[in-house]
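> What follows is the residue order along each chain.
2 protein chains.
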Amino acid sequence: MQQATSVTEMNLDKQIVASLRSVLSRGAHPLHEPCFQGNEQCYVHECIASTFVSSTGYYVDEFERRLAEFTGARRAVALVNGTAALQIALKLAGVEQGDEVLVPALTFVATANAVHYLGATPHFVDSSSETLGLDPNALADWLKSIAERTPNGTRNRRTGRRIRAIVPMHTFGHPCDIEGLLALTTDYRLQLVEDASESLGSYYHGRHTGTFGLLGTVSFNGNKIITTGGGGAILTNDEPLADQAKHLITTAKKQHRWEYIHDDVGYNFRMPNLNAALGCAQLEQLPDFLASKRLLAERYTQVFAGIPRVRIMIEPPGCRSNYWLQTLLLDESIADQRNTILETTNNVGLMTRPAWTLMHRLSIYRQCPRAPLPSVESLSRRIINIPSSAGLA
Amino acid sequence: MQQATSVTEMNLDKQIVASLRSVLSRGAHPLHEPCFQGNEQCYVHECIASTFVSSTGYYVDEFERRLAEFTGARRAVALVNGTAALQIALKLAGVEQGDEVLVPALTFVATANAVHYLGATPHFVDSSSETLGLDPNALADWLKSIAERTPNGTRNRRTGRRIRAIVPMHTFGHPCDIEGLLALTTDYRLQLVEDASESLGSYYHGRHTGTFGLLGTVSFNGNKIITTGGGGAILTNDEPLADQAKHLITTAKKQHRWEYIHDDVGYNFRMPNLNAALGCAQLEQLPDFLASKRLLAERYTQVFAGIPRVRIMIEPPGCRSNYWLQTLLLDESIADQRNTILETTNNVGLMTRPAWTLMHRLSIYRQCPRAPLPSVESLSRRIINIPSSAGLA
Numbered sequence: 090m091q092q093a094t095s096v097t098e099m100n101l102d103k104q105i106v107a108s109l110r111s112v113l114s115r116g117a118h119p120l121h122e123p124c125f126q127g128n129e130q131c132y133v134h135e136c137i138a139s140t141f142v143s144s145t146g147y148y149v150d151e152f153e154r155r156l157a158e159f160t161g162a163r164r165a166v167a168l169v170n171g172t173a174a175l176q177i178a179l180k181l182a183g184v185e186q187g188d189e190v191l192v193p194a195l196t197f198v199a200t201a202n203a204v205h206y207l208g209a210t211p212h213f214v215d216s217s218s219e220t221l222g223l224d225p226n227a228l229a230d231w232l233k234s235i236a237e238r239t240p241n242g243t244r245n246r247r248t249g250r251r252i253r254a255i256v257p258m259h260t261f262g263h264p265c266d267i268e269g270l271l272a273l274t275t276d277y278r279l280q281l282v283e284d285a286s287e288s289l290g291s292y293y294h295g296r297h298t299g300t301f302g303l304l305g306t307v308s309f310n311g312n313k314i315i316t317t318g319g320g321g322a323i324l325t326n327d328e329p330l331a332d333q334a335k336h337l338i339t340t341a342k343k344q345h346r347w348e349y350i351h352d353d354v355g356y357n358f359r360m361p362n363l364n365a366a367l368g369c370a371q372l373e374q375l376p377d378f379l380a381s382k383r384l385l386a387e388r389y390t391q392v393f394a395g396i397p398r399v400r401i402m403i404e405p406p407g408c409r410s411n412y413w414l415q416t417l418l419l420d421e422s423i424a425d426q427r428n429t430i431l432e433t434t435n436n437v438g439l440m441t442r443p444a445w446t447l448m449h450r451l452s453i454y455r456q457c458p459r460a461p462l463p464s465v466e467s468l469s470r471r472i473i474n475i476p477s478s479a480g481l482a
Numbered sequence: 090m091q092q093a094t095s096v097t098e099m100n101l102d103k104q105i106v107a108s109l110r111s112v113l114s115r116g117a118h119p120l121h122e123p124c125f126q127g128n129e130q131c132y133v134h135e136c137i138a139s140t141f142v143s144s145t146g147y148y149v150d151e152f153e154r155r156l157a158e159f160t161g162a163r164r165a166v167a168l169v170n171g172t173a174a175l176q177i178a179l180k181l182a183g184v185e186q187g188d189e190v191l192v193p194a195l196t197f198v199a200t201a202n203a204v205h206y207l208g209a210t211p212h213f214v215d216s217s218s219e220t221l222g223l224d225p226n227a228l229a230d231w232l233k234s235i236a237e238r239t240p241n242g243t244r245n246r247r248t249g250r251r252i253r254a255i256v257p258m259h260t261f262g263h264p265c266d267i268e269g270l271l272a273l274t275t276d277y278r279l280q281l282v283e284d285a286s287e288s289l290g291s292y293y294h295g296r297h298t299g300t301f302g303l304l305g306t307v308s309f310n311g312n313k314i315i316t317t318g319g320g321g322a323i324l325t326n327d328e329p330l331a332d333q334a335k336h337l338i339t340t341a342k343k344q345h346r347w348e349y350i351h352d353d354v355g356y357n358f359r360m361p362n363l364n365a366a367l368g369c370a371q372l373e374q375l376p377d378f379l380a381s382k383r384l385l386a387e388r389y390t391q392v393f394a395g396i397p398r399v400r401i402m403i404e405p406p407g408c409r410s411n412y413w414l415q416t417l418l419l420d421e422s423i424a425d426q427r428n429t430i431l432e433t434t435n436n437v438g439l440m441t442r443p444a445w446t447l448m449h450r451l452s453i454y455r456q457c458p459r460a461p462l463p464s465v466e467s468l469s470r471r472i473i474n475i476p477s478s479a480g481l482a
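As they're listed, the protein sequences go chains A and B.
Residue numbering for the first sequence follows the numbering used here, beginning at 90 and increasing consecutively.
Residue numbering for the second sequence follows the numbering used here, beginning at 90 and increasing consecutively.
Possibly wrong hints are sitting among the right ones.
Just so you know, same-sequence chains aren't split out, so a pair can sit in one copy or run between any two.
Claimed, not checked - For lysine to any residue, the following SDA-like pairs were computed, each having C-alpha atoms within a straight-line distance of at most 20 Å:
#1 342 <-> 120
#2 335 <-> 206
#3 103 <-> 433
#4 180 <-> 206
#5 342 <-> 453
Read the hints as simulated data drawn from the structure, not as lab findings.
Please build the complete structure, drawing on both the sequences and the hints.
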């Protein structure tokens, strides 16, 4: 009689499939799918019936109000997507053509693109393996070796360019060491613009991510914890900056009964009311989504505890993560099995993916300045995101 | 017994109010409001139920397919708005940092902004009072005086910059003399990118506007003849260019099962499926909207025929206009009454507006090169847009 193979005797990829299957229901599971079980249909119906589907309307105002309330930011401004939000936030933070902006090498390409759109250069720095976000200690060492404080701000000695801002990103929803970074911004007179695209519902020592810097941004793309179809927002505690953001994304048109005067080169970046209607319904369910995702993280943590040299990423101490994308971390010693694991899981309908290609490895950003990046080089070999939808727990 | 004052004895502003009232129902009338009497609620409901509300899905594909079919373009690519569509179309047409692009001084600011976003300079040229669009004769004279043909294309002798493209805009839906302009693009090796934001459903000699140049763009903003909340599209007969457009607006991410490789600095500019669902329903009603707007133009033409020195703008010979925004043209001799007319009409709830501030008069574009602009200077004193919604006829 043949004995069932015990999990620990299987190959690692098979073990991982078995562990995922012990948490998830049968069938295929995407990495992240949205969940519309609240007032989505109702609000969107109402929005169309009102005929206000475009750039103004009740839902845009309401979405901005509720988002500010939820995050504790004084103001929230809704935009067409998170990339646009970051571009405008960086512009309002004073990033100009020819500047450099410190961004993680481990991020989605939009972080670097937003810098590039302004004619500035992304300057890639390393992340901590504890938070997956920018590492203040590594950054402090790096700035000590390349940065020079001048009356006009900090200058990169090697490139001669001004370093204007720093854009931490809270990877997969886990808050980075934002206080460590804030201390550096004071030392070097840098603006802090938080890319909280992935971390709606995540807190650092009780304060919502995206509310620490001069401006922060969130994303409501279809794969995020809540979605507006496409959408993003700027968070800020600075009322005049919020007004400026709103003005800039509304083609910088001055208020007038009929005249069309634009006092700046503005953008067409407002979130349509139709999308905000969906967003209002989604925000109402965010507390439930957060609870589900936390539960899923716990279940995954339990089952993967049985597999040596593999662990589920958990929130850093003092932080509360939204657990947007659940992350499996392989030990460096088994990192060479990453592609096999990706193959096997995807082949059986369990969608998984590695971390993004590191920014400095993309041909478009290969020439940009960068710090030593040992930690993200290792992380990028070891990260596997696994099915993470709120509906799974 | 007091006699009723006849229309011709009234002041001009009162005559115009009376004429508008004879066509429109009681109450307030915005300049343009959308009309959702088709499958809008149904398709959007279905879209949310499918959970595909974001950057991919049935409705995006379907909207692109139907839009191509309607316009006769080989391909249509849906974007987040018309400004983004123009920016990407210009980029694909080869506009680079430091180039000049010929654009009408009489246009919405987005036309000039799209050029500016690429680091290029808008160069403002005059429009014809017959079409309200770029005047090929005036442009030919201007190019003769400033343009120099070189092996690398046309050079502006005065600024030293390359003139790369020309962007005619079909103002208020009326087709401009696109064939006259095409002849110039051949002479001067310029790319033609049509800004057909306002002219969905308008035809020049039987061919849909936006399909003459290398690429054309349309807008589906809330005030347009059909709306997707916010949205736009690129039209082109060049399949590889359409594929490139789709790639560029999808963060230039290469297709791969799990890897994130971006081979260009791309954009996050796709139209969400939610907005495309609304668009599919709107496109179905476009023929009805076109018929209504034509009828409204006829009614307006009739009633304003009774007022001397005032006329309704009608489609240029050989063209079929979508009559997106109905336009009252004052004779130059009464242009000084424009503001009074705007005041009086808006005060009684009949929304009217003048033409946009001419681009070269905005502080942001004052320093840009420009041709003599006698025709648009006159037009901008004489144009008044009046209530134009499809639901009015």
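> 20 Å Cα cut-off: does residue 335 pair with residue 206 within a copy, between copies, both or neither?
Both: 19 Å inside a chain and 19 Å across chains, each within 20 Å.
> Between residue 103 and residue 433, at a C-alpha cutoff of 20 Å, which is it: within one copy, between copies, both, or neither?
Classified as within; 7 Å inside a copy, 77 Å across copies.
> Since the copies are identical, ignore which copy is meant and state whether residue 180 and residue 206 lie within 20 Å (CA to CA) inside a copy, between copies, both or neither.
The answer is both: 10 Å in one copy and 13 Å across copies each meet 20 Å.
> Is it within a copy, between copies, both, or neither that the alpha carbon of residue 342 lies no farther than 20 Å from that of residue 453?
Between copies only: 12 Å across, 34 Å inside.
> Is it within, between, both, or neither for residue 342 and residue 120, if the alpha carbons may be no more than 20 Å apart?
Classified as between; 18 Å across copies, 41 Å inside a copy.
In summary, the structure agrees with every hint in the numbered list given earlier.
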